[in-house]
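Chains as they are written, first to last, in UniProt numbering: chain C, 1 to 341; chain E, 1 to 341; chain V, 1 to 341; chain W, 1 to 341.
These are computed hints drawn from the structure, not numbers from a lab.
Hints should not be assumed to be uniformly reliable.
Which copy is meant is left open, because identical chains are indistinguishable; a pair holds if it fits in one copy or across any two.
[Unchecked claim] Derived DSSO-like pairs: lysine-lysine, alpha-carbon spacing no greater than 30 Å straight-line:
(1) 86 / 51
(2) 51 / 263
(3) 263 / 107
(4) 51 / 213
(5) 263 / 213
(6) 327 / 225
(7) 107 / 225
(8) 51 / 107
(9) 107 / 327
A quick note: this is a predicted structure, and the numbers were derived from the prediction, not measured.
Protein chains: 4
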Amino acid sequence: MRIGVLTSGGDCPGLNAVIRSVVHRAVVDHGDEVIGFRDGWRGLLECDYLKLDLDAVSGILARGGTMLGSSRVQPAHLRDGVERAKGHVADLGLDAIIPIGGEGTLKAARLLSDGGLPIVGVPKTIDNDIAVTDVTFGFDTAVGVATEALDRLKTTAESHQRVLIVEVMGRHTGWIALHSGMAAGAHAIVVPERPFDIEELAARVGERFEAGKRFAIVVAAEGAKPREGSMAYDEGGKDIYGHERFAGIARQLSIELEQRLGKEARPVILGHVQRGGTPTAYDRVLATRFGWHAVEAVHRGEFGMMTALRGTDIVMVSLAEAVETLKTVPDERYAEAECVL
Amino acid sequence: MRIGVLTSGGDCPGLNAVIRSVVHRAVVDHGDEVIGFRDGWRGLLECDYLKLDLDAVSGILARGGTMLGSSRVQPAHLRDGVERAKGHVADLGLDAIIPIGGEGTLKAARLLSDGGLPIVGVPKTIDNDIAVTDVTFGFDTAVGVATEALDRLKTTAESHQRVLIVEVMGRHTGWIALHSGMAAGAHAIVVPERPFDIEELAARVGERFEAGKRFAIVVAAEGAKPREGSMAYDEGGKDIYGHERFAGIARQLSIELEQRLGKEARPVILGHVQRGGTPTAYDRVLATRFGWHAVEAVHRGEFGMMTALRGTDIVMVSLAEAVETLKTVPDERYAEAECVL
Amino acid sequence: MRIGVLTSGGDCPGLNAVIRSVVHRAVVDHGDEVIGFRDGWRGLLECDYLKLDLDAVSGILARGGTMLGSSRVQPAHLRDGVERAKGHVADLGLDAIIPIGGEGTLKAARLLSDGGLPIVGVPKTIDNDIAVTDVTFGFDTAVGVATEALDRLKTTAESHQRVLIVEVMGRHTGWIALHSGMAAGAHAIVVPERPFDIEELAARVGERFEAGKRFAIVVAAEGAKPREGSMAYDEGGKDIYGHERFAGIARQLSIELEQRLGKEARPVILGHVQRGGTPTAYDRVLATRFGWHAVEAVHRGEFGMMTALRGTDIVMVSLAEAVETLKTVPDERYAEAECVL
Amino acid sequence: MRIGVLTSGGDCPGLNAVIRSVVHRAVVDHGDEVIGFRDGWRGLLECDYLKLDLDAVSGILARGGTMLGSSRVQPAHLRDGVERAKGHVADLGLDAIIPIGGEGTLKAARLLSDGGLPIVGVPKTIDNDIAVTDVTFGFDTAVGVATEALDRLKTTAESHQRVLIVEVMGRHTGWIALHSGMAAGAHAIVVPERPFDIEELAARVGERFEAGKRFAIVVAAEGAKPREGSMAYDEGGKDIYGHERFAGIARQLSIELEQRLGKEARPVILGHVQRGGTPTAYDRVLATRFGWHAVEAVHRGEFGMMTALRGTDIVMVSLAEAVETLKTVPDERYAEAECVL
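For reference, chain C alone in the conformation it holds in the complex:
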């Protein structure tokens, strides 16, 4: 068989592990040929690819990023390209395409699958917000990086009697905030799913100081928002470049909490560090299993499907189902964190 692989969307630790696993399983065990398209869908649309044999994937297992590169393509652009993609697939004699990507990629994958292309998807998102799989690879690494940072920040906050507001990834869901906050013992966690009340948050942090504690750590998902009316919310202005000047929930919260509590409050924005670098062992194992099972699905002809983790098993779910709903943090999980507003 001939299989094409591509990675699309944001960077995520474990992408290389999937690519390596696909090549190992397909080439060694099945005697397949594998090619990799460069820079995601662009590579498919422009027929830009390289051959992937064992040597090509040697040493990439523990490396962050993606050896194939990634880029974002407009859905409209992709829609117009379905026929072109089919042409390339026919020309290259491909029996299957394995796109590895997040929500946008999986929607694109479904589009191409509906258009007749033989597709087996592999889900990828550090946000962990795909409902049909228990976990996605990359999430554990992101939570690990955030937790290590929080561990470090605790001693700083304590020595200086400060409130630190730490902004972690998560535009639409609060999984990284929830897990890293639980793991590091944060004193409050705010997430997009539950608009917070600034007075409540300040009260909660204030109580901590009243109980004699000398510092507090608040973890804020980047998409967290105040309950309407609870807090002046700076929509930002423009700087001399015409760029937005002020953005970020952590900065706003640090100002609002400092005003209310009379304690120094400082924002820390973890940013891209969460999505780069060596994946954790957990993510490498999950990514490797996803790659292996994607190849198996190709050989069974299960197209229009995607790999997913359920308990300890890898199962196949339909791409249609995969993109239907976002997995948000349910109330019971909030409760367990013991510190969510």
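Given chain C's structure and the hints, the job is docking chains E, V and W onto it.
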């Protein structure tokens, strides 16, 4: 309510996180009182305990080991002590006991539960071999430590054109070997579940060198054994102290492989490093959830049960069921590792 | 003897190691008594202290922050307090005070020393900008944290064909930028000591892309500034809180470079993570040696002095000399980095 | 100019950083050509080499091991090969050779230098036992790995009320033991420079338990030995393969201490993990500076010399001087560790 907690059996990252979580949930949310027995069952039998309030568990979340200490008790000794334990429980006015421990502890817990004590268990084993839960805390940390060591050893092996045989924990099951071996891209993994053939193993490693590679990494669970007759197996002699002189599969394999391959082979035994120190974020979250749900089970009166992870949910399973079977590595999981004999 | 210890100024990994070392050497070996003033000079001025015996410092060696707390005191306030401090020292029967701190603290120490107090200082700054010592503890940890982040960011930058501008600590000197940039192989490093020319910087990064590379990493010390006139420099405006809206060299550089190069450029600001948490082994050893030698100096009656590292030796230098000049990055060190503008 | 580089002797984190630095400085700044001999002196003797340009060294800065490979060559063999080496150097038109290696390599370098070859050495040893340089790269990484392991082991030892004896590298000198022991707060450190008295060691550890502590950590350099007559010392026997059965100071100490103290004692042997993998930022900077200055020395024609660190400066010292004396741990440094017998 009054709840007693204890930790028993081998050290495991995450024990303190469970203790902290029990105290947070019970004391803060339910207004319970919590005490901790010192050094496992010994503390219960000898009524040796300390009060656990919020201050007592402050700062322990990320710490390895167990603040309560641990020790091993002979089952017979425990059996004789059931009445004594019941007496202490009555005297202390305890409504429940939450023992946190591995197979031996859970068996003891069942014994006491059958004897009439109100018990909710929390499973703990870095070996991940308890069948009724998807994962146990501590396992992820152990795999992470082993993987980091394997990552380091790869460059050493490569620079010196060596075979390294790395012995990881796992007397009865090969989960740590399997996961760390997959995560680090080991070239062979041997586990207790599948006695290996030394000729097959040597052939496999030899092929790698013939293909032009300069090194090989073999991961061996400490309980891995050769297929009967396949390899001379040193039963060991006595040294001047009367102790066994020679033990360990990694040492034997390094000698056997060096003889067969004519390549330098060296053993590395990771040992206790795998079970100590700061737990990973994953283990802290799982341990925290187990503690929270154990308290909930106490309040619902679900005794004779134990917390377990199923997919993303924490569920309760009976202690009787919990200790019935060992979770061994199934064949498909071996196949996914792509490098198991 | 009776010795008082205090930590003052910004948080720095290794502070606890110094405190522990002072206590171990003084109490165990010399039979001294040691007390710790709370929150830096404030503790001395207000006679707020705790007794430090072996138990008090148990387990703090690897912990970030300072168990004694820290705060900033206005020099004027301290000047007025010299007599009060002397009174407390007399009342407490102290034979020496060991203040651990940065430039401000050492200046204060000198003031008090000139005022007649028996003082032996220990220098502390993660910036490594004290000229009379080869290195200060905390610096190695900060460089390590920054380097690990840079390692992670490289794969992200590469996968997305981006320029990442990473802001590290260093308001007046570029040591952290220089060392972390060298360690991680950054493609350009900008530091306060050498105002950069934005066109030159853009040209340098541009050449890299022209040579076929897919990404670039620029490390910027927070105090780095453009050569006058070379770049529009946003002085910032006010947001709705009256706070400055726009600050930070990394943000500005990302905009300026994106405009010039036509490549996505993104800022990453590492912030407080660099100064918190577990110190590296290097910093723990240096801090421990500083503490040990500070006690020795006390016993030799060498007051008005400060510990310093020279080669592999710990020597004593006068506080007067210590605060005279800032250690800036010399030209040859820039040249070695092979990537400094 | 044309420069040849080679790495020889045991693996050491930072070797690749030196190679990369030599290439960057020589090729980019001086317009030189650089070649790398494979597997140390063997490559030179057999004229086995590869061209090293910027692409060849891309991405190796943070990688452990050596991209050039390494091997050990018998001095006699090398002595016979001097003329052959000179012939290859002439044939290849090399203006200088930069060997990177430890004591053996530097002795060989001196031999070749005395024989008329233009040599600039770079010292390498994780043991840090070369007297003419303050530090060698690789040492900081080894100490870091050992310290992290010790941090982890402490919690295990504490939970189980054990003595752990941790064996670290150092056959002839105790630097790794001293620094990692200080960094982790070990309770005793034994090193080759000072044969220990087992009764004294046992007494010291015993006192700790008597003072109410629940565990103890002993760090032992692999070359540590008992004072003659103080302890039965197992010379080992043979196993069924004819290999030595019993070796290692940690194992012996664990047995001896367990017998004397009546406490569980366990050996942990860190082994090769200490010398592989990603170098610390400190080692990457030092290695990079060594490489840069070696190229400068070549261009100044300073042959028969070697790079060395003195304070914060890189200086050149003669190879003759370099190999004269071993740097052993002096008494004052022992004293600072506060826990050395």
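Outcome of the hint check:
1. 86 / 51: This pair counts as within: shortest intra-copy Cα distance 19 Å, inter-copy 43 Å.
2. 51 / 263: Result: close only across copies, 28 Å inter versus 58 Å intra.
3. 263 / 107: Between copies, since 27 Å is at most 30 Å while 46 Å is not.
4. 51 / 213: Between copies only: 20 Å across, 59 Å inside.
5. 263 / 213: within (12 Å within a copy, 39 Å between copies)
6. 327 / 225: within (18 Å within a copy, 44 Å between copies)
7. 107 / 225: within (27 Å within a copy, 45 Å between copies)
8. 51 / 107: within (26 Å within a copy, 47 Å between copies)
9. 107 / 327: within (16 Å within a copy, 38 Å between copies)
Checked against the numbered hints above, the structure breaks none of them.
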